[in-house]
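Visitor: Between the sequences and the hints, there should be enough to build the whole structure, so can you do that?
So the chains spell out like this:
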Amino acid sequence: MYSPGKLLSIIIITAVSSASLFSCKPKSAQSAISGDAAGKVYVAPGKYDEFYDFVSGGFNGQIGVYGIPSGRLLRIIPVFSTHPESGWGYSEETKPMLNTSHGEVPWDDLHHIALSTTNGEHDGRWVFANGNNTPRIARIDMKSFRTAEIIEIPNSAGNHSSPFITENTEYTIAGTRFSVPIQGNQDVAINTYKQNFKGTVSFIKVDPSSGRMNIAFQILTPGVNFDLSRAGKKKSHDWFFFSCYNSEKANTLLEVNASAKDKDFIMAVNWKKAEEYAKAGKGKMVPVEYAHNVYDEKTHSATSTIEKQVLLLDPKDCPDMIYFIPCPKSPHGTDVDPTGEYIVGSGKLAALIPVFSFTKIQQAIANKTYDGTFDGFPVLKYEAVLHGEVKKPGLGPLHTEFDNDGNAYTSMFVSSEIVKWRIKDVTVLDRVPTYYSIGHLSVMGGPTTKPYGKYMVAYNKITKDRYLPTGPELAQSAQLYDITGEKMKLLLDFPTVGEPHYAEAIPASKISAGSIKIYKIEENAHPFVSKGEGQTKVERKGNQVHVYMTAIRSHLTPDNIEGIKVGDDVYFHVTNLEQDWDVPHGFAIKNANNAEVLIMPGETQTLKFKADKAGIFPFYCTDFCSALHQEMQGYLRVSPTGSSVALSWGTGKTNPTDSVAKGATTSTKN
Amino acid sequence: MPVIATIVLCMYACNATSNEAQKASEEETLVGGGQSAVQDNESAKDVVKVAAGSKDHTTLVAAIKQAELVDALSNAGPFTVFAPTNAAFDKLPKGTVEDLMKAENKEKLQDILQYHVFVGSLKADYLQDGQTLNEVNGGNITISKKDGKIMINNSATIVASIPASNGIIHVIDAVLLQPSK
Numbered sequence: 001m002y003s004p005g006k007l008l009s010i011i012i013i014t015a016v017s018s019a020s021l022f023s024c025k026p027k028s029a030q031s032a033i034s035g036d037a038a039g040k041v042y043v044a045p046g047k048y049d050e051f052y053d054f055v056s057g058g059f060n061g062q063i064g065v066y067g068i069p070s071g072r073l074l075r076i077i078p079v080f081s082t083h084p085e086s087g088w089g090y091s092e093e094t095k096p097m098l099n100t101s102h103g104e105v106p107w108d109d110l111h112h113i114a115l116s117t118t119n120g121e122h123d124g125r126w127v128f129a130n131g132n133n134t135p136r137i138a139r140i141d142m143k144s145f146r147t148a149e150i151i152e153i154p155n156s157a158g159n160h161s162s163p164f165i166t167e168n169t170e171y172t173i174a175g176t177r178f179s180v181p182i183q184g185n186q187d188v189a190i191n192t193y194k195q196n197f198k199g200t201v202s203f204i205k206v207d208p209s210s211g212r213m214n215i216a217f218q219i220l221t222p223g224v225n226f227d228l229s230r231a232g233k234k235k236s237h238d239w240f241f242f243s244c245y246n247s248e249k250a251n252t253l254l255e256v257n258a259s260a261k262d263k264d265f266i267m268a269v270n271w272k273k274a275e276e277y278a279k280a281g282k283g284k285m286v287p288v289e290y291a292h293n294v295y296d297e298k299t300h301s302a303t304s305t306i307e308k309q310v311l312l313l314d315p316k317d318c319p320d321m322i323y324f325i326p327c328p329k330s331p332h333g334t335d336v337d338p339t340g341e342y343i344v345g346s347g348k349l350a351a352l353i354p355v356f357s358f359t360k361i362q363q364a365i366a367n368k369t370y371d372g373t374f375d376g377f378p379v380l381k382y383e384a385v386l387h388g389e390v391k392k393p394g395l396g397p398l399h400t401e402f403d404n405d406g407n408a409y410t411s412m413f414v415s416s417e418i419v420k421w422r423i424k425d426v427t428v429l430d431r432v433p434t435y436y437s438i439g440h441l442s443v444m445g446g447p448t449t450k451p452y453g454k455y456m457v458a459y460n461k462i463t464k465d466r467y468l469p470t471g472p473e474l475a476q477s478a479q480l481y482d483i484t485g486e487k488m489k490l491l492l493d494f495p496t497v498g499e500p501h502y503a504e505a506i507p508a509s510k511i512s513a514g515s516i517k518i519y520k521i522e523e524n525a526h527p528f529v530s531k532g533e534g535q536t537k538v539e540r541k542g543n544q545v546h547v548y549m550t551a552i553r554s555h556l557t558p559d560n561i562e563g564i565k566v567g568d569d570v571y572f573h574v575t576n577l578e579q580d581w582d583v584p585h586g587f588a589i590k591n592a593n594n595a596e597v598l599i600m601p602g603e604t605q606t607l608k609f610k611a612d613k614a615g616i617f618p619f620y621c622t623d624f625c626s627a628l629h630q631e632m633q634g635y636l637r638v639s640p641t642g643s644s645v646a647l648s649w650g651t652g653k654t655n656p657t658d659s660v661a662k663g664a665t666t667s668t669k670n
Numbered sequence: 001m002p003v004i005a006t007i008v009l010c011m012y013a014c015n016a017t018s019n020e021a022q023k024a025s026e027e028e029t030l031v032g033g034g035q036s037a038v039q040d041n042e043s044a045k046d047v048v049k050v051a052a053g054s055k056d057h058t059t060l061v062a063a064i065k066q067a068e069l070v071d072a073l074s075n076a077g078p079f080t081v082f083a084p085t086n087a088a089f090d091k092l093p094k095g096t097v098e099d100l101m102k103a104e105n106k107e108k109l110q111d112i113l114q115y116h117v118f119v120g121s122l123k124a125d126y127l128q129d130g131q132t133l134n135e136v137n138g139g140n141i142t143i144s145k146k147d148g149k150i151m152i153n154n155s156a157t158i159v160a161s162i163p164a165s166n167g168i169i170h171v172i173d174a175v176l177l178q179p180s181k
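Residue numbers (my numbering), protein chains in the order written: chain V, 1 to 670; chain Y, 1 to 181.
None of these hints come from the bench; they were simulated from the model.
C-beta atoms are modelled at their ideal positions from N, C-alpha and C, and glycine is treated no differently.
Fair warning: there could be bad hints in the mix.
What the hints assert, rightly or not - Far from chain V by the CB rule (all over 12 Å, computed), these chain Y residues:
1) D71
2) L100
3) K149
As the list claims (entries may be wrong) - Below 30 Å or equal to it, Euclidean Cα-Cα: the simulated BS3-like pairs (lysine-lysine) are:
4) K487(V) - K106(Y)
5) K392(V) - K261(V)
6) K392(V) - K91(Y)
7) K146(Y) - K263(V)
Guide: Right, dumping it as structure tokens:
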């Protein structure tokens, strides 16, 4: 039997044997957990967490939803990647969501999320997420916890500086990580980077009632790498701040060549002005191709439309719109405090954290306190816009979040710690170790105008020995801290899926009441819906066969289908007739090359099955639904091409011969 | 339980009295050290472990410990560490090292050691004549390259380069002193 005591003593013996080198390990790297920590994270059975924490999944292309303070995984929301658990990307209805101008992309990299806000406060409507590799922005509906829309970003590569939103969710923003040739001939030598490569930042308008996105305009920028961005708040509402690295414009070995200058930049964009220029016709429509995919909850189906043009603003025609702020050493996070006055640039290779003042930025612009130009754009004088520098904060500052008491919390990758500092006098107040090599951090409501504080989560990049080993790959480790006191206190480790980057937590009350439980069957407008067993049928159109099927505890209708021929494409349109929360049905058929589908109550989903061999193909419900779940099954008979077996279907009737009447069924009318 | 008590004492031995350690074990549970505490004898050695395995770098390793940089340098990096040998430290004026090792000079020691570390893994091939590199403490070093000999700040020569799991160590024959700003 497994004995924790025995395991512990083995670990300790190993520790002692190699203790000589590290016997004087710095106390700073150790952390003590106080006796009441367990009580602070314990959510009793049947009780709910205080916060939903929406956590980007990084390379898995999904979003994980966790409860805070328990750290329990509540849901995985597939966004840019197929997801077997829900059939996302496998059902005919969801396949268009993963379509791009390059065809289907089944797996992308989702780094950042942003929760919709009104007046800078969470409104509990949508989550926005970026597709990093094939540039896209997604909108997830917080009522259904499903991806509702995905829009591809043209003239972009490496959509990293995204999908951050303006204060009232007027826009979600997408900035290019990679500059690339934009428009015209794109088949150029890579070493012509300085002449030919440009960046863009895209402003995607969000419809205030439907949430529907469309690219309002793009701004052409110098060929730097945009890393992250944040919108202004309150007084800085009209502005957007983008961190940029590689102002050296290197195109190879960036590890060395993009670290040559002492300072890179934060690019400040007056988006209100950009909006005016766009309205005034200063931009021009340029030819592009990008996919715009929308999931309709009434038809339970997605459509993918390829758009052909986008409005491009060239700053040459739009003066006083863009300014560059010098920022030390390849800034990563650029974060705006809840008041909108302070912009924190975290230069990941810098030995300090500069804090810029929005008021001083405005004064410098008004007084033209410039320090030369960058690619023709005014560079504001560093000292003139600086509020202060946090000196020696730690090593490798990456991201900063805020509480509601004027404090900032910055993650330090190299020194594996979070540093709490006061914005007013840029003084370090406290530091706690993280395990290990923290990337992002999240204070509850940290990016909003009214942070909730209370808890903070560290999302670490390296796990190593924090959990029981699981081979070379380990779940990423997150750590929960209590930040109610002067000292930050570690409460809990919890594993996360994928590799979290940005995460944002919202009080449960802002979402839970609006969470939908079922799709109403009478509102189902799917073209192949069966709103009752009486509407089930099988139709042949050439070599396409459409099975209008229903699922309800505990049978599928029809469950005996004959007359399918080798070479047919069979579409099983399965409607879940249940109107009962948390009673999905699944559908799988032997030898289907397209896995399975899962159907929510009231929903219709379609599995495509290619009949390529004669024989009997059993099908069944894959989601345990009732005591007779195991009886919820049926058979499809596939006959050779040219066979005379007639199309027939039914449930509850044993067909005596091959020549049963077409459409025989004994199922009751719904 | 006696085994556990022993390890708690060991962990605190440098910083706390045994009374304090006992008190801590009653109220609090230690939840781990930094990455340097990870038990792993299979992975390639990181820059700290490589340096610790060198008999020519005992002064440097002692200084890294004193400056509490063991964990930082055990992290993912990547780092380029310019590692002065014991002989290089011996070239400093008498008493300099002893002075830096005093508790009250910890920040100064950290600053000096961080001046020897660049975030980024730079093989000797990547070092170019005239190149400046911004070090972890914020100061710059200048590389010169002549006839295959690589010097830092025209004062220290790279005598060997040793790859590590989280970067590379360039062994140098003099301690780098930051030019006054």
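Visitor: Look at each hint and say if it fits the structure.
Guide: Quick rundown of the hints versus the structure:
Residue-level check failed: D71(Y) sits 4 Å from the nearest beta carbon of chain V, not beyond 12 Å. Every CB of chain V is more than 12 Å from the CB of L100(Y) (nearest about 16 Å), matching its label as outside the interface. Every beta carbon of chain V lies more than 12 Å from that of K149(Y), the smallest distance being close to 20 Å; the non-interface claim holds. For a cut-off of 30 Å, the pair hint linking K487(V) to K106(Y) stands: about 23 Å separates their Cα positions.
For the suggested pair K392(V) and K261(V), the alpha carbons sit about 20 Å apart, so the restraint of at most 30 Å is met. Restraint check: the Cα-Cα separation between K392(V) and K91(Y) comes to about 29 Å, which is no more than 30 Å; the hinted pair holds. Of the pairs offered as hints, the one joining K146(Y) and K263(V) holds, with about 29 Å between alpha carbons and a cut-off of 30 Å not exceeded.
The earlier numbered hint that this structure contradicts is number 1, and it is the only one.
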